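Undergrad: The lines below spell out each chain.
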Amino acid sequence: MANDVRPALEAPEIERRVLAFLQRELLEPGVTIGRDADLLSGEVLDSMGVLRLAAFVGEEFQIVMQPSDFVVENFRSVAVIAGYVGRAGAAHGPDQAGP
Amino acid sequence: MPGLLNRLVDDAALRHPDAPAIRCEGETLTYEQLARRANGLARVLVQTGLSRGDRVAVWLGKGLHVPVSFYGVLAAGGTLVPIDPKSPVDQVVRILRATGATHLVSEPNRREVIGQALAACPEVAHVIGVVPDETMPVPCIAWATVLEQASDRPPDTHVIELDPAYILHTSGSTGLPKLILHTHYSATSFVDWAASEYALRSDDRLTNHSSHHTCFATFDYYAAARAGATTVILTPAVLMMPGSLSALLERERVSVWYSVPAALVQLSLRGDLEARDLRSLRWVLFAGETFPGKHLRRIRQQLPGARLSHVYGSTEVNVCTYYHLPQTGDPVGALPIGRACATARTLVADAALQPVPDGEVGELFVRGSTVMVGYWGDPDRNREVLVRRPAVGGLDEVYFKTGDRARVLADGNLAFVARADRQVKVRGHRVELDEVEAALLSLASVEEAAVFTVPDGEGSSALRAAVVVGGDVAPAERDMLADLRRTLPPYALPSQIAVVDTMPRTPTGKVDVRALGGRLGERMADDGE
Numbered sequence: 001m002a003n004d005v006r007p008a009l010e011a012p013e014i015e016r017r018v019l020a021f022l023q024r025e026l027l028e029p030g031v032t033i034g035r036d037a038d039l040l041s042g043e044v045l046d047s048m049g050v051l052r053l054a055a056f057v058g059e060e061f062q063i064v065m066q067p068s069d070f071v072v073e074n075f076r077s078v079a080v081i082a083g084y085v086g087r088a089g090a091a092h093g094p095d096q097a098g099p
Numbered sequence: 001m002p003g004l005l006n007r008l009v010d011d012a013a014l015r016h017p018d019a020p021a022i023r024c025e026g027e028t029l030t031y032e033q034l035a036r037r038a039n040g041l042a043r044v045l046v047q048t049g050l051s052r053g054d055r056v057a058v059w060l061g062k063g064l065h066v067p068v069s070f071y072g073v074l075a076a077g078g079t080l081v082p083i084d085p086k087s088p089v090d091q092v093v094r095i096l097r098a099t100g101a102t103h104l105v106s107e108p109n110r111r112e113v114i115g116q117a118l119a120a121c122p123e124v125a126h127v128i129g130v131v132p133d134e135t136m137p138v139p140c141i142a143w144a145t146v147l148e149q150a151s152d153r154p155p156d157t158h159v160i161e162l163d164p165a166y167i168l169h170t171s172g173s174t175g176l177p178k179l180i181l182h183t184h185y186s187a188t189s190f191v192d193w194a195a196s197e198y199a200l201r202s203d204d205r206l207t208n209h210s211s212h213h214t215c216f217a218t219f220d221y222y223a224a225a226r227a228g229a230t231t232v233i234l235t236p237a238v239l240m241m242p243g244s245l246s247a248l249l250e251r252e253r254v255s256v257w258y259s260v261p262a263a264l265v266q267l268s269l270r271g272d273l274e275a276r277d278l279r280s281l282r283w284v285l286f287a288g289e290t291f292p293g294k295h296l297r298r299i300r301q302q303l304p305g306a307r308l309s310h311v312y313g314s315t316e317v318n319v320c321t322y323y324h325l326p327q328t329g330d331p332v333g334a335l336p337i338g339r340a341c342a343t344a345r346t347l348v349a350d351a352a353l354q355p356v357p358d359g360e361v362g363e364l365f366v367r368g369s370t371v372m373v374g375y376w377g378d379p380d381r382n383r384e385v386l387v388r389r390p391a392v393g394g395l396d397e398v399y400f401k402t403g404d405r406a407r408v409l410a411d412g413n414l415a416f417v418a419r420a421d422r423q424v425k426v427r428g429h430r431v432e433l434d435e436v437e438a439a440l441l442s443l444a445s446v447e448e449a450a451v452f453t454v455p456d457g458e459g460s461s462a463l464r465a466a467v468v469v470g471g472d473v474a475p476a477e478r479d480m481l482a483d484l485r486r487t488l489p490p491y492a493l494p495s496q497i498a499v500v501d502t503m504p505r506t507p508t509g510k511v512d513v514r515a516l517g518g519r520l521g522e523r524m525a526d527d528g529e
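Same order as they appear, the protein sequences are chains W and E.
FYI, in the numbering used here the residues of the first sequence are 1 to 99.
FYI, in the numbering used here the residues of the second sequence are 1 to 529.
Don't read these hints as lab results, they were simulated from the structure.
There may be inaccurate statements among the hints.
Said to hold, decoys possible - Computed, partial: chain W to chain E, Cβ under 8 Å:
{"no.": "1", "residue": "Leu-19"}
{"no.": "2", "residue": "Phe-21"}
{"no.": "3", "residue": "Gly-42"}
{"no.": "4", "residue": "Ser-47"}
{"no.": "5", "residue": "Met-48"}
{"no.": "6", "residue": "Val-50"}
{"no.": "7", "residue": "Leu-51"}
{"no.": "8", "residue": "Arg-52"}
{"no.": "9", "residue": "Ala-55"}
{"no.": "10", "residue": "Ser-68"}
{"no.": "11", "residue": "Asp-69"}
{"no.": "12", "residue": "Phe-75"}
As the structure is a computational prediction, the values presented were derived from the model and not from experiment.
The C-beta atom is built at its ideal place from N, Cα and C for all residues, glycine as well.
The following block holds chain W by itself, in its conformation from the complex (with noise of 0.2 Å):
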């Protein structure tokens, strides 16, 4: 990413992001999704598809993850991960994500 993130992302744009990831990578072509939709039913998305979406979200949004962030709270749909992801840049500071 050229563009460093900060400033902080508007929800809206981090779900975007969230969004497109999914459909591009993870999602059976035809497949569209809510930002509300549960990606934790087994239906949608199975361990290594979530697995790779928090790898995703950690680089994309420049998360360091704690092994406390693996919880459903904080992955359950597309809504909640933009929620997350601005609590932890919140909590982190660009200090913690830089270099």
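On the provided structure of chain W, position chain E as indicated by the hints.
TA: Structure of chain E alone, referenced to chain W:
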């Protein structure tokens, strides 16, 4: 009637009617409720014409209906055919047709695919668990109707313990999977051994981690019922999020765990175990793959109160050997698979079924009460794997040919060497793929590894490897190869090491080498163009 699998829950309901049998997402079924619901389903099945031995397929996602269905089918005298909840409809059709199932137990959200499947399966005459309507080609009975029939009494059947109990299927991704038939006797033999060896108690809490169509579920459900203990069903959301999983283990005070090593490795790496109080956990059982030593050492530090047990077997034999890790001292090298269970006799032999001397590698054969009857509808394969060996009195003993190579160690434990079909030839050299994987896993940065062969275009094979690495920066391929050169001969070095985000796995959690090869093969082909 000793030895009937469905009696386990009836007996537990008599002894501990109010004890929790099943927990799932905060909901509970007591043993009395479980037995009553199972009897209700059994009555419905018998009323709809089920005869002893008829196959009943169960196609359900994880939830409370799963154990109700299992015990209900068995109480009706049916042969249970659990189907992988993630099976595509073609796979479901193949299993329904091959087993000749007359009934299907499922749930409303599968209605559409059930309709598609039934169009190709005329033998299925009834569907349970779906509200009836004119779009379904056969009569349907909703779960609500089944529960109205809940009863203290199962229907009268005349099932003996040598009758079929269930048919499990392997994960064959194309074509017909292997269909593995167990009797009440072979299942309860394993269940009794496990309940005794791990001293399961009514206050124990087990989990159902693996999918319920695998042999892991035999332990998770039936061994728990044998002890009047609780089975906590782990749903996909929790299984995908290691932090949520460890929180659940703490909250539910889980005391006995059973899975493939990969699930424990995920939990150890990303489950925030240090933040949890997991003192309830007293046994951790694992099977199915090798446990990389560095992960094993870490998880022992994270779970100091738990004893670890390496169990070995395949769906065909349940469990046939076991090795409890010593409570002190770190394991060095590969873990042994241990000694034969009280239910089994093992034989390390050559192709003529003659035992090889201790210390030498041979193929492992198993005889015992937990061994399957055979593969359903596959007499050729049965002749191949259920081999007769002359014994005293002019009688034969039947051994199951495991397809694994093993040797007897100096201390009497068995060591797994490799799958017989995992020894390959690379330009004239014999290479054990498992040894190459072990060498990769010993590298500090490598979390998971898989090694397989591809044709080298010159009549021989080339080794390919795929690894999942920890940390943010993937090590360079040439650095990994330089490290491998210290432990592997040149011909055993992979010609390519691909770094992948995740390892494709089968429903039990083993590496799906075929899927991996396909994925990398395409990528390599693309890269080359």
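Undergrad: List, from low to high, the hint numbers that the structure doesn't satisfy.
TA: The structure breaks hints 1, 2; every other hint is satisfied.
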